[in-house]
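S.K.: Guided by the hints, dock chain F onto chain G, whose structure is given.
Sequences listed follow chains G and F, in order.
When we follow numbering that gives the first Met the number 0, the leftmost residue of the first sequence carries the number 0, and every step to the right adds one.
When we follow numbering that gives the first Met the number 0, the leftmost residue of the second sequence carries the number 0, and every step to the right adds one.
For the record, the hints were derived by calculation from the structure and aren't laboratory data.
It is possible that part of the hints are untrue.
The list makes no distinction among identical chains, and a pair is therefore deemed to hold if it is satisfied within one copy or across any two copies.
With a cut-off of at most 25 Å between alpha-carbon atoms, the simulated DSS-like pairs for lysine-lysine come out as follows [claimed, not checked]:
1. K255 - K231
2. K87 - K231
3. K231 - K328
4. K35 - K87
5. K213 - K31
6. K46 - K206
7. K87 - K232
These are the residues of each chain, in order.
There are 2 protein chains.
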Amino acid sequence: MLNKLRLLTPGPTPLPEEVRLAMARDMVHHRKAGFKAVLAEVQEGLKALFGTAQPVLPLTCSGTGAMDAAVSGLFSPGEKVLVVEAGKFGQRFTQIARRRGLLVAAQPLPWGQAADPAMVRYALEADKDIVGVLMQASETSTGVLHPVREVATVTKSHGALLVVDGISAVGVSPLPMDEWGVDCLLTGSQKGLMLPPGLAFLALSEKAWERAAKAAPGSFYFDLAGELANLKKHQTLFTPAVSLIAGLQESLRLFKAEGLEAVYRKQWALTLGCRAGARALGLDLFAPKHFAWGLTSVALPEGVDGVRLVQVAAEKYGVVMAGGQDQLKGRIVRVGHMGHVDFGDLLAGLHAFNRSFAICGGFSACDDYLERAMAAYEEALEQGYPAL
Amino acid sequence: MLNKLRLLTPGPTPLPEEVRLAMARDMVHHRKAGFKAVLAEVQEGLKALFGTAQPVLPLTCSGTGAMDAAVSGLFSPGEKVLVVEAGKFGQRFTQIARRRGLLVAAQPLPWGQAADPAMVRYALEADKDIVGVLMQASETSTGVLHPVREVATVTKSHGALLVVDGISAVGVSPLPMDEWGVDCLLTGSQKGLMLPPGLAFLALSEKAWERAAKAAPGSFYFDLAGELANLKKHQTLFTPAVSLIAGLQESLRLFKAEGLEAVYRKQWALTLGCRAGARALGLDLFAPKHFAWGLTSVALPEGVDGVRLVQVAAEKYGVVMAGGQDQLKGRIVRVGHMGHVDFGDLLAGLHAFNRSFAICGGFSACDDYLERAMAAYEEALEQGYPAL
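Same shape as in the complex, but just chain G (with noise of 0.2 Å):
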């Protein structure tokens, strides 16, 4: 009670108000007008979200269930796909793929670097059998922003279909599908959307849409065909998630109060002032060069326990931080600040990181971290953010 909960993870993300207080709200059915309305405007936020002109699906899972509609609806079982892999949700993709019956070419990379398109179009060129491209946009395992425009323009020109795992990445950094010659995109809700987890989006382009009517049939539950056909009736296959639909609309809503334009500066500006921060405190930052936006992976120095300095910060600052997964438990603190997050909670962030890293033996001298952060994040959302 003393310290207010902040969720300064890479999902789930805080929520706001007009979210939580929608949820709340009586239960309608899913088959009714009312809620065709409702499936109608969401439609038409998601789709400028997305930056598309095709129908975004609505699917009830996680963001896992979008990856595998995506990779059990797009190909067949022996058809052989490139995965780009550069972190856990890279290796997620090869392992649903595998699972589905797919040869993997599996294009492992170090984790904490982006994807290269010279080696992705290599491998193209080096095996005609491939027939698409998986990869993430942002590798929410690193903190690593992939350049998935760069990466759109070989499988484009090779006829490779382009699937790109868009969690961490949509509605927090510029991901326009159809501009950028993205085949298929997903996301899930409990991220840039600023809902709890529990839904997730998917859209193809048109090439992806002839191709799914080709494929052997996958999952009866997660059915594109299927859903795009309710779709266009306002309705989904199944019965959808309605509470979380209902947050959906609202925060669709804020997004277009807002703009994309000005969500996205202030996500840039956040992630440039984190970035400061940590190096004000003379720490290494995970992803030097590509990095996400709305996440920051910070490196800890030798001796210094991230497992035990995300629990300090959460118990002691009730900040929630979240830190490395599988080869990197306890080297890295991933500090999210996606979603519904502001400069006040970047603040309280870094203090609560600053005492926590103290704590368990880190040292800095710097005095003024939280200045510099905030100058930082000031100049950026005054010359706004570079193009992607």
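M.R.: Okay, now just chain F, sitting in the frame of chain G:
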């Protein structure tokens, strides 16, 4: 505004205030201690609700997702299952099983009829290849309650696995999984559990877990063994629908406070009350003998259009009921009275039904149908529910 919204459909059902407020709480992180404690608490409540000593897996999906998870997780392509097909959801089991590559021995019944344990026994004796029987407990499309307990006796003696879709039965009428010998029981969140849709729950008997271990890999997203391993650590395999699980905690606390017996007693009394009211109006009940609790299917006389009746009741009275599906479209009205619905809602529903019936050309001379409904309700509440 003048009339309150009353959701008398067989799902989604109205939300208790405790559930609404829980869903509006601060978002929490699903891998942290606080949420693990929630998962541990709801596990105990779910076990009590399912009547099982086995773990009950929470899945982030609709009820159909859990049906898919059960079929894909328990059986391998080429195996044969018997499906009791007594309505739309029986047919759905057949579709799911075929999609999984199973051989389906369908047992189609006229809609409105209950499963016949002797027919199941005959089928299992005639075809020793059948390794599982799939059925609903309550067939939501017709309002029929199947004799699960008797079918379980048959499947047990033949060594076949019994998979029961309890989506509109769990929390509405008794369905003690372990006592009856059900091998797989599943349900959704938006019926008896008084939650929005978006969660599903699934439990397996020991025998079913053994079978699951041997089944060919199915869906990546619906990974029963993976969910079980995580549940032992009070986690879920993928990011769960956190806000719905916060609501579940409150819903299960309400169940615990009242006791399951009291809940069943109320559901039984509402069911007899609704049936008595409809009969007093001179209407036939679509499931005269083996009727579901929590859902009353009313057959309409020739010339009264059920689609219009449902529309009129919603528009003029704010009472939302469900029409018939597929072959029953326009011919029946399904009055839901499951979950967070009480005698006052039933009275409102019957009044709205009667007036809408008259507007749609129906005729009834009864002037005490509300009193007769309440008399039946009070009597049933007094006497308690029969053993199933």
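S.K.: Against this structure, judge whether each hint is valid.
M.R.: Evaluated hints:
1. Proximity of K255 and K231 under a CA criterion of 25 Å is satisfied intra-copy only: 23 Å inside one chain copy versus 42 Å between copies.
2. Taking the closest pair of Cα atoms, K87 and K231 come within 25 Å of each other only across two copies (22 Å); inside a single copy the shortest separation is 35 Å, beyond that limit.
3. In the homo-oligomer, the alpha carbons of K231 and K328 lie at most 25 Å apart only across protomers (21 Å), although the nearest pairing inside one protomer, at 45 Å, exceeds that limit.
4. For the identical chains of this complex, K35 and K87 are inter-copy neighbours only, at 22 Å across copies versus 37 Å inside a copy, given an alpha-carbon limit of 25 Å.
5. In the homo-oligomer, the alpha carbons of K213 and K31 never lie at most 25 Å apart, since the shortest distance is 33 Å inside one protomer and 43 Å across protomers.
6. When the C-alpha separation of K46 and K206 is checked against a cutoff of 25 Å, the pair qualifies only within one copy, where the shortest distance is 17 Å, while the shortest distance between copies is 47 Å.
7. Taking the shortest alpha-carbon separations for K87 and K232, only the inter-copy value of 20 Å comes in at or below 25 Å, while the best intra-copy value is 37 Å.
Comparing the model with each numbered hint stated earlier shows that hint 5 is the single one that does not hold.
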